[in-house]
Each structure stands twice: as C-alpha cells, then as structure tokens.
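*Asks:* Protein chains in written order, with this note's numbering: chain A, 1 to 80; chain V, 1 to 233.
If you are wondering where the hints come from, they were derived from the structure by calculation, not from laboratory data. As the structure is a prediction and not an experimental result, all values here were calculated from the model. All C-beta atoms in this analysis are idealised placements derived from N, C-alpha and C, irrespective of residue type, glycine included. Incorrect hints may have been included.
Chain V side only, calculated, beta carbon under 8 Å to chain A, not exhaustive [said to hold, decoys possible]: (1) Arg-59; (2) Ala-62; (3) Arg-105.
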Amino acid sequence: MKARVTVTLKTGILDPQGKAIEGALKSLGVDGVASVRQGKVFDIELSGSDKAKAEAALKQAADKLLANTVIENYRVEVLG
Amino acid sequence: MKSAVLVFPGINRERDMARALKLISGHEPAMVWHAETSLPKGTDLVVVPGGFSYGDYLRCGAIAARSPVMDAVRAFAAGGGLVLGVCNGFQILCESGLLPGVLMRNAGLKFICHDVHLRVERSDTPFTRGYNAGQVIRVPVAHGEGNYEADEETLKRIEGEGRVLYRYCSPEGVVDEGSNINGAAHAIAGIVSERGNVLGMMPHPENHVEDIMGCTDGRGLFAGLVAHLEKAA
C-alpha cells in the first residue's frame, strides 16, 4: 500500500524559505504568484493491507516524528 | 562536577565542550553515545553539544531527540538534574519536549557565524550565577536555524516566569532589532525549563573560555554550574 504524509507550516508561522522562493519566482517573471509556503511530502510504502491500521500508523508517524506539531500541520492519505 | 556529553552522529562541537568542561570543572566529562539507554552513575550535568546531528535531516535536532539516550535524559531532567543544550543541543531539547518552542530558519536566511553580545537577564540560576544580572557577555554563534519562536501564550508564560536567561543585545546591553541576529522572538538566545534545570541556548559559551580564544566571557556559565553543584553537595 502506498501512502503520503504532507507536512505544512501552520498559518501565521513565519516561513523565510517560502518568502525567498516567492521572491525568486517573482524575479524569474512568473506571473500571478501571490505567496509561497514551503512544506514536506513523505511517500511511504506500507507492508499491510488494512487501511484503518495504515492510517493509524501514519498518524502515529506524523505525531511522533514527521511533523513538529508546535509549528506544523499534517495530512495523511492512503493512496491504495 | 561530573558531566556527561552526549554524542550523536553528525555532532561536531562535543570536543570543544568536553575541553571547556575539563578546563573549568577539573573533571574529564564522560562521552555518552546516543544509543546508550542510561547515563553514567553520579552524573551532575548532561550536556547536549552543538553540531549537525543526523545532518539536520527532517528538522534540526528532530531525529536526535528521539534517540534512546534522550529517554534517560528526560528521566534525569524529571528528577531535577541539570541539562545544558547548546546550538544543535538547544534544537534537540526543543524537539524532545524538554523545552517549549522551536528554532526556525534565521530570519535573514543566512548561516550566521560570528561573535554576538548577550545580556544575562538574571543571576539567581545555576546557569547564570557566574555572572551579574544585566551583565553583557561576548560569545560566538554558528547557526542557520536559531530563530526562536513559540506561540504568544508560551512566550507570555516564559517571560512572566523569568525563564529567558540570555538575550541578544548590543555591546552596551541594549536589546534592539539590529542586535537580534536571527529574528528570534523577544531576542531570545537562551531559555530554561519550567523547573529551571534545563537550559537551551544558541550561542557557544564553550568557545570563549581560554585566553587563546580571544575572550573568556563563556567561563562564567560553567564556573557558575560548578559553584552551584559544590554548594548543593
């Protein structure tokens, strides 16, 4: 089973890297970019086939390690 | 003072730290590998040194914070033991939940490597008793992620409880925007835990302890710890 965990910064947390990318896009002449927030994507391969178990494991992975919930939100998707 | 310096893969300031501890306390610290599940018997002080544990993968300090030895450090801190984290060590302590908040990318995005001035906010703690309150010390920093942030409520609480021990300031001791090198909230350079026995700080006091280093302002921190432990003994 394939799964994806997406980690993004919470609203209101300053993201200097996103700001720098935003500036670079503007200087490259890419039109219409209002703002950029940088995040992380984890593509995870799971050994079992139980979707509920997989979601629980991924949630645990995100809470324990993948995200720092002080500043980050995460989203778990089991892709099947 | 029996100290234990934690060693993680990718750490590179542990020998500077060990040298400073030996110099000032007179005792060789134990170097403790991250896979250990206990600390040496009779440890008075645990030091989490600077460097780039696990290559800063995922988030600075995130993986080191989950290593086996950190359970022993959490138990040690819960029993009132003294813990000092410097630079990557501060990041590890935040990631491990021993200190609140998080260290974000420097506001100016650049790695900063030069001397800074710090104002010692109070002198009645084990980590600052070697200084006077309001004293300005000069110590080096070397970090890319030292921008301390926490939510408003947490900042209010740590300020209210007097837990900010070191703040970036001008050579005259004025806390202003220009001196806040990395954009940290409230110009915070170092904070302690609620109980006051765990200090995390971005600057490197261990690198200003001998005349050959050009400055010895960092000595006070270690000398204060030694004095505190002698008094307690």
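*Asks:* Run through the hints listed earlier and report the numbers of any the structure violates, in increasing order.
*Replies:* Hints that this structure does not satisfy do not exist here, as all of them hold.
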